[in-house]
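Here is what each chain is made of, one letter per residue.
2 protein chains.
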Amino acid sequence: MKQNLRPMRIAVVGATGAVGKEMLPILEARGFPVAQLVPFASARSEGKVVSFRGHAIRCQVLKPGCFQGIDMAFFDASDAISKEWALKAAEAGAWVIDNSATYRMDPDVPLLVPEVNGSLLKKRVAEAKKPKNKLGAKVRILAGPNCTTAQLVMVLKPIDKLASITRIVVSTYQSVSGAGAAAMDELAAQTVGMFNQKKPQPKVLAHQIAFNCIPHIGGFKEGGYTSEEIKVAQESRKILGLPKLKVTCTAVRVPTFSCHAESVNIQTKKKFKIAAVRKALAAFPGVIVQDDPSKNIYPMNQTSEGDLVESATGRDAVYVGRIREDDSVPNGMNLWIVSDNLRKGAALNAVQIGEALLEHL
Amino acid sequence: MKQNLRPMRIAVVGATGAVGKEMLPILEARGFPVAQLVPFASARSEGKVVSFRGHAIRCQVLKPGCFQGIDMAFFDASDAISKEWALKAAEAGAWVIDNSATYRMDPDVPLLVPEVNGSLLKKRVAEAKKPKNKLGAKVRILAGPNCTTAQLVMVLKPIDKLASITRIVVSTYQSVSGAGAAAMDELAAQTVGMFNQKKPQPKVLAHQIAFNCIPHIGGFKEGGYTSEEIKVAQESRKILGLPKLKVTCTAVRVPTFSCHAESVNIQTKKKFKIAAVRKALAAFPGVIVQDDPSKNIYPMNQTSEGDLVESATGRDAVYVGRIREDDSVPNGMNLWIVSDNLRKGAALNAVQIGEALLEHL
Chain S
-13 MKQNLRPMRI AVVGATGAVG KEMLPILEAR GFPVAQLVPF ASARSEGKVV SFRGHAIRCQ
47 VLKPGCFQGI DMAFFDASDA ISKEWALKAA EAGAWVIDNS ATYRMDPDVP LLVPEVNGSL
107 LKKRVAEAKK PKNKLGAKVR ILAGPNCTTA QLVMVLKPID KLASITRIVV STYQSVSGAG
167 AAAMDELAAQ TVGMFNQKKP QPKVLAHQIA FNCIPHIGGF KEGGYTSEEI KVAQESRKIL
227 GLPKLKVTCT AVRVPTFSCH AESVNIQTKK KFKIAAVRKA LAAFPGVIVQ DDPSKNIYPM
287 NQTSEGDLVE SATGRDAVYV GRIREDDSVP NGMNLWIVSD NLRKGAALNA VQIGEALLEH
347 L
Chain C
-13 MKQNLRPMRI AVVGATGAVG KEMLPILEAR GFPVAQLVPF ASARSEGKVV SFRGHAIRCQ
47 VLKPGCFQGI DMAFFDASDA ISKEWALKAA EAGAWVIDNS ATYRMDPDVP LLVPEVNGSL
107 LKKRVAEAKK PKNKLGAKVR ILAGPNCTTA QLVMVLKPID KLASITRIVV STYQSVSGAG
167 AAAMDELAAQ TVGMFNQKKP QPKVLAHQIA FNCIPHIGGF KEGGYTSEEI KVAQESRKIL
227 GLPKLKVTCT AVRVPTFSCH AESVNIQTKK KFKIAAVRKA LAAFPGVIVQ DDPSKNIYPM
287 NQTSEGDLVE SATGRDAVYV GRIREDDSVP NGMNLWIVSD NLRKGAALNA VQIGEALLEH
347 L
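Chains as they are written, first to last, in this note's numbering: chain S, -13 to 347; chain C, -13 to 347.
Next up, chain S with everything else stripped away, as it sits in the complex:
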């Protein structure tokens, strides 16, 4: 990041949620130029205290005028909150980095994974600096993708550059943290309860999640697909700039606390060598190749003592392994991606958008 940046007043909306909780230590650890941190939480969490740089800061609730003087606002709350407040924050003069689905597919808003398409920011900032820009305050709204999409496009981008991707088939293994802090509590409570002969009583998720797989994330939409599955297709196309990319996805919740895993089958237009794919992935910023089956090395949510591989949980990278040719189709490959959905999938990606933005302000 550029040095000597003007310290800024930063708002985090949803500071006590699963993503917000990850964001504060990330802002701190990466030395984001925060002059003042203003955490917002729902009325239910009003007055809750968050910790930043060793200081306890009391959460505020959103109310008219609350974004006055804010330079940059990270939205890590619901679609409804973003719909109501994101434009207001932009109108107050703040740059908004929105992690909800609200603006992702809006043609007037860039959907950003900085390593993949961060170059879009230069033009955006130039537009924003015009005395009369075409979009008004909306020019200051930037969107981050769905967590499943973020880690996916990080792996697809270098492969597309190498061999031009034509179609992907994705099956996901998504942790409960993707459904928020309450879903994490639900998995923990159900698991402990089952060892104590207590019947699980699902409240946050549609069914029991302890020792179960639920093929249902988001709401059901046209054609029998879930909103999550549709997001993966639409957002991948937009971020990669490949409007005709063929994508099909099955999204499944599994009983893990953190990280999303994805089994991805890829077809490309051009021939490739697996060694070249591995090399392209290893060279891409933010991607780590873990791929030595002979040593039981492949990406995982969790690892334990004696493992020769680090786990994805709590880490920044997108991990990829099990990279192998698929001879069931010309120019096919399979691979396995794991990343911490709260970090690259949400909080980290948003902070990286903020950092990339600062380069141009």
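Read the hints as simulated data drawn from the structure, not as lab findings. Just so you know, these numbers come straight off a predicted model, no measurement behind them. Just to be clear, a hint being listed does not mean it is correct.
Each pair may be met inside one copy or between any two copies, as identical chains are not told apart.
With a cut-off of at most 20 Å between alpha-carbon atoms, the simulated SDA-like pairs for lysine to any residue come out as follows [said to hold, decoys possible]:
1) Lys255 to Arg223
2) Lys108 to Lys259
3) Lys49 to Asp171
4) Lys230 to Asn317
5) Lys232 to Arg153
6) Lys230 to Ser314
7) Lys281 to Gly209
8) Lys281 to Gly204
9) Lys189 to Thr289
10) Lys185 to Thr289
Chain S is already provided as a structure; the job is to place chain C on it using the hints.
Then chain C, alone, in the frame of chain S:
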């Protein structure tokens, strides 16, 4: 099943293992004509007692001559045990139904899922009855497939009949019971341990399984595929009688105790309507369609009070849902399969092979 069958002396090899334990109650519940049950277990489990029709029966160890007088022997043990003992049992005059991988791909042994290709048995029995059959004692060896394959071909068969399948992409979500009783204990112990701040110490599986996904089942072989992934391809082709079927698979262990789930993308030669696929699946014996997303109905390992759907655990059927068109390819569809891997995937399928065999003896 035909009535008034001659009661038989039945051996179960591996009677105290994960599959063997399931088999005894299945033989009992289905009224298999057992005159005498002879359970075999490893030396470690010698003298252990199993229960059958209210009687306690002491397990024996395998030793020369132990299959004398046995009419039918179910092998639910390791590949090594089958390699050493299955042919001996056949030579002693028993029909052998082998659940190991030993004979599955042997061109002289039929690989059977009765609903799919049980018709092969008639010819086999006729051959066995010839005074001088071509295969010798081996004619009495029959194989059951890998658990992941069994449930898969149950769903593929009616779809193939309807529209001619050309390619499938499979991602699995496999429970620890597929790795045996010790792996089930490992998931339980690690899970409880983690809530008590104990570090997991993997012994049976390659890594921690509690709250983790491990993309590694079986051993790694050519091209970076695991033996499990290769089995799914080869065995599916053999059972379906489609030697040119294009198959690619990624096999993943997830932290569930029972049932394997599979996300399957299918391409067919002919056009189809999703309604016709659903109808063909519902009409196929042993398959139950659970597919009403508006009521949160889709197949799952576990269900809980208030759910409008039954779980696959402990049940015989292969459950299929999330059946939907895939418009990323001509004539494509996605679906989600769940079945109890110890039942249709192993013990039940073997007993069904025995029942089908009895029809022809």
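Problem - Unsatisfied constraints (hint numbers, rising) - result: Of the numbered hints, 2, 3 do not hold.
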